[in-house]
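Sequence lines, in order, name chains A and B. Under this note's numbering, think of the first position of the first sequence as 184, with each following residue one higher. Under this note's numbering, think of the first position of the second sequence as 3, with each following residue one higher.
No lab work stands behind these hints, which were simulated from the structure alone. In this text, a Cβ means the ideal position worked out from N, Cα and C, and glycines have one as well. Heads up, a few of these hints could be off.
Not everything, but these chain A residues come out facing chain B in the computed CB check (under 10 angstroms) [what the hints assert, rightly or not]: (1) Pro-295; (2) Asp-400; (3) Gln-637; (4) Leu-682; (5) Pro-684.
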Amino acid sequence: MDRKAFFQRMKTATTGTGFVDEGAVGLLDGAGKKSLSRRTNTGTKAYTGTFGKDELMHLLRRTLFGVKLSDYNLYKGKTLEQVVDALLNVSSTLPNPPLNNYGNLVNDPNVPYGSTWVNAASDPAVEPYRMGSVKSWFWGQMLKQAPDIQAKMVLFWHNHFALQFLEIPDARACYVYTKVLYTHALGNFKDLTRAVTIDPAMLFYLNGRLNTKRAPDENYARELQELFTLGKGPNSKYSEDDVKAMAKVLTGWSINPLTNPFSTAFVSVNHDSTDKQFSAFYGNTVIKGQTGINAGNTELDDLLTMIFKVDEVALFICRKLYEYFVYYDIDDSVETNVIVPLAKVFRDSGYSTKAVLKTLLMSEHFFDSWNRACVIKDPLSQQVGFCREMELKFPNATDYFLLYQMYNMGLSFGQLTQLNLGDPPNVAGWPAWYQKPLFHRSWINSDTLPKRSQFTDYLLLIGHKVGTYTLLVDPWVFVKQLSNPGKADDLIAECVSHLLPMSINATQTASLKEVLLPGGIPDYNWSDEYRAATDPSDPNNATALSTATAKLRYLLKSIMNLSEYQLS
Amino acid sequence: MKRRSFFKASAAAGTVLPLTLNGMGVKTFEDSPLLRSLGRRSADGKVLVIINLSGGNDGLNTLIPIDQYSNLSKARNDILIPQDKVLPFWDKPAAGLHPKLSGLRDLYNGGMLSAIQAVGYPNPNYSHFRSTDIWMSGSDSSDSWTTGWMGRYLDGQYTGYPKGYPTATMPDPLAIQIGQLVSLTFMGPEVNMGMAITDPTTFYNLANGTTDPTPSTPAGNELAFLRLMAQQTNQYATVIKNAAAKGTNKSNKYPTGGRQPLSNQLKIVAKLISGGLKTPVYMVSIGGFDTHSEQVDSTDHTLGSHGSLMQQLGDAIAAFQDDIKLLGLEDRVVGMTFSEFGRRVMSNASNGTDHGAAAPMFVFGKAVQNGVIGANPTIPSTVTVNDNLPMQYDFRQVYASVLTDWFELPAADVKTAMGGKDFNTLPIFKANKASIEDYVDLVSRISLNNIYPNPAVQNAQISYFTESGHVKLSVFDATGQLVSVLKDEWHGHGTYVADFNVVGLRKGNYYIQLSQGEKRITEVLLVQ
Chain A
184 MDRKAFFQRM KTATTGTGFV DEGAVGLLDG AGKKSLSRRT NTGTKAYTGT
234 FGKDELMHLL RRTLFGVKLS DYNLYKGKTL EQVVDALLNV SSTLPNPPLN
284 NYGNLVNDPN VPYGSTWVNA ASDPAVEPYR MGSVKSWFWG QMLKQAPDIQ
334 AKMVLFWHNH FALQFLEIPD ARACYVYTKV LYTHALGNFK DLTRAVTIDP
384 AMLFYLNGRL NTKRAPDENY ARELQELFTL GKGPNSKYSE DDVKAMAKVL
434 TGWSINPLTN PFSTAFVSVN HDSTDKQFSA FYGNTVIKGQ TGINAGNTEL
484 DDLLTMIFKV DEVALFICRK LYEYFVYYDI DDSVETNVIV PLAKVFRDSG
534 YSTKAVLKTL LMSEHFFDSW NRACVIKDPL SQQVGFCREM ELKFPNATDY
584 FLLYQMYNMG LSFGQLTQLN LGDPPNVAGW PAWYQKPLFH RSWINSDTLP
634 KRSQFTDYLL LIGHKVGTYT LLVDPWVFVK QLSNPGKADD LIAECVSHLL
684 PMSINATQTA SLKEVLLPGG IPDYNWSDEY RAATDPSDPN NATALSTATA
734 KLRYLLKSIM NLSEYQLS
Chain B
3 MKRRSFFKAS AAAGTVLPLT LNGMGVKTFE DSPLLRSLGR RSADGKVLVI
53 INLSGGNDGL NTLIPIDQYS NLSKARNDIL IPQDKVLPFW DKPAAGLHPK
103 LSGLRDLYNG GMLSAIQAVG YPNPNYSHFR STDIWMSGSD SSDSWTTGWM
153 GRYLDGQYTG YPKGYPTATM PDPLAIQIGQ LVSLTFMGPE VNMGMAITDP
203 TTFYNLANGT TDPTPSTPAG NELAFLRLMA QQTNQYATVI KNAAAKGTNK
253 SNKYPTGGRQ PLSNQLKIVA KLISGGLKTP VYMVSIGGFD THSEQVDSTD
303 HTLGSHGSLM QQLGDAIAAF QDDIKLLGLE DRVVGMTFSE FGRRVMSNAS
353 NGTDHGAAAP MFVFGKAVQN GVIGANPTIP STVTVNDNLP MQYDFRQVYA
403 SVLTDWFELP AADVKTAMGG KDFNTLPIFK ANKASIEDYV DLVSRISLNN
453 IYPNPAVQNA QISYFTESGH VKLSVFDATG QLVSVLKDEW HGHGTYVADF
503 NVVGLRKGNY YIQLSQGEKR ITEVLLVQ
């Protein structure tokens, strides 16, 4: 039996066994998905329908880590184009660098407590602390994101041009790598590829530093094509010889460990100055061998020119952007109506990330009801998102130790749920963003799903305590921004519509109401309690505040324990 | 009666062996011929532990062809293990193990290790990710499958999963992966059959959600998936917690000190099996095998990153097997290692090796035929940077052997699990009909058995034997000119017959040459 027939048979064999309840969920295909009778044919044409609350929230949920009520208020009333332009118009100022947060644990002879170490001499004794510092800091930058798309794109590129901090022996180089991502997050993809190729941390991570004419090392040349530009799709037909020729082009790039921070260097005597012949996939291009100090730059430019002439580059990146921002299922219709036109925009703009995102985020396809609420949140979107939604109050910026401890708590929960920021599992990035057929579903399993709920429960009910500081949600910060929290039905409806991407049914709503009004007691009880809790002159203020606060914590917890909360 | 119906029937009759191994039972179980034979008839309760060596393990520094040292030293002198440090097999001194694999050497001495040489697949892919997918799905190099080989096996055994599960006869997860991720290996046609756990003693109770219908949209699909995961987690958390509480570890050989990720994972597996879980498959993994640089310490090649991994691997497996023995589970548990590829024959300039092709696999446990399957790879005298070890065995032969000889799956079901393809089994398990003695010559064997008729007028039949590998069968005339290439392809272990039509050839002597690697055998054929 051939393979096709075999799988056909398997499918037939499973017909009728269904899954959970036929009527409820229907039949699943090979990817564990229900075969959907309808699919969408919308494309990249600009969306002209209603741009109301649902649409704005959909756009913000996909482009920010969690939506604060103030984020929503900032953009409310603007046109779609105004909002998208604002989201894409990110600051060119780099975030402030990571600091010495470890001065109370170990003495850094070169850096005082509270100052940055990124340009200071390195010291083996403090290196592990600096690594902790840069990783916590990175998480903190996600938390401190401006209300624009930058942080989300930095994570996208971190996943795309993946490297592992813990494999890099110098925390300064890890910081420099993040600067590259921030600098080019919304810039030109070709420029970003060039910058990453000769980034010191990447030269270390993929052995570029060891790639010399006497001993070419193919590691980077392979990943540059397979993971960074062309992908491994059926139309990405570079050859093994192309990998070898590309390695030769890149010979001589190295790192200088003696500078502060350590830096890129080109060692011309290690450069292979012969001509490099590429296959028909690259139009039989010959990259002319160069000599001298500029040989590396010239040949790298020629190499990128050659690679970026291949149509597959734009298609590959657009598919990844689509999987990140829209949904992981790219069927024929999406390929034809979305990916191909997007790739053309990308190429025509000279690989402008901003241009391609603007087209995608303003498209009728993006706003198609078919594509809403179907992304399973990555751990950062769930955890940083939660902290932002709840406007969790972190320690002051000058409490360096404490503040980084709290960032580290977030980082650690990310690690427990598969997203260890700074340390993807390997150079391919996180499986949820490439592994067929599960994609986003890889985030969720019996180990990680409970930990996701544990995170929100922990910060809503118990709090993370370091010394005398407890990082704990004050539910009133969120609730008081709602329009009518004193009325139980309105409070629940507003919480749900802001925190969940889809509506819930009457049973679920009733169980949430049960939190506020146990045993089905009349609604006015909550209104009275709320009034007393928020009026300091009320004789029952103290008691009411205590019980109402507890109820609000449980209400928020119950909402975040719903499966719907894992969706965006 | 089908195997599964046998179990159902025996379960109803109360004859299925209880898995409660606490206190009593274990010794009796081993000593009673009746029980033992019952145990042998039943695949129920049998466990496979898959050990994933992630990154591409350097097979040539793992299972070392000692008879190839002069050429090995030309190809990879800067990473070569000193010959006097290799741990040779006591009965086969032409091959040996990395000096840090004393744990595996001890298993070999104890009769519990099957080493399979040069396992790979045709048209090797050098990408970690593609090759990992190929190994986990069991597809051809040119195919991209979305189900895993174990997922398909489990789907055949537990039809309809997850609907209706857990059941009275299968109350436990179908597969457990220690870690945060479940791999493609366990992906079934509908859902992933694997459950990920990092700590079996602590589970967080998830809120029991609604089971109301979800809309027929992508969002509805994802929501249904999330709810299913929540429901399964709650259902299986209890049985795992109970098994962890009831189970125990008895070996004191588990290494302590330093990071011991593999040992710690295997310890959990032993505990869960001893605690009575009926889960038939576990997967554990250890990374770091992508040794492009600093694979060895330049002053002592037995040290360095690969040496440390070998130590962890050997020690962890030895401790696990010891534990399994002390827990009385030897008859029920086997383990198997795999890595997405081996590494290049020639070392690179960074004290490391780049992505390669075939590499050895190990299967261990009381059920295996102890020995080395296949010949030592032949290392050419001049090696270039592109040279890879040719495969001798397809990895799916190993999988098919596990399914056939360990899980006792009928041939038709093995074929289904292997995606509709037939793969010859290897004598890895004692249950295999073939004897390992036929496979244990470390020096590659080829022979030209017969040419008939000879002299030939029309058609000559050439019968030849070969070990697994790439075989070439060529015909030369008396002046040494190549006349014909009759075979130039990969062969499995066995005897073959090739036809050679001599009509139209000038009369006289012809030379029939059979070659594999550097080995050649020539016989004369007279054409009349």
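Each hint tested on the structure:
Because the beta carbon of Pro-295 (chain A) sits about 33 angstroms from the nearest beta carbon in chain B, more than 10 angstroms, this interface hint is broken. The restraint placing Asp-400 (chain A) at the interface with chain B holds, with a minimum CB-CB distance near 6 angstroms, inside the 10 angstroms limit. Annotation: interface hint on Gln-637 (chain A) holds; nearest CB of chain B at approximately 5 angstroms, less than 10 angstroms. For Leu-682 (chain A), the shortest C-beta to C-beta distance to chain B is roughly 15 angstroms, which exceeds 10 angstroms, and the interface hint is violated.
For Pro-684 (chain A), the interface hint holds, the least distance from its beta-carbon to any beta-carbon of chain B being 8 angstroms, beneath 10 angstroms.
Violated hints for the displayed structure, listed by number in ascending order: 1, 4.
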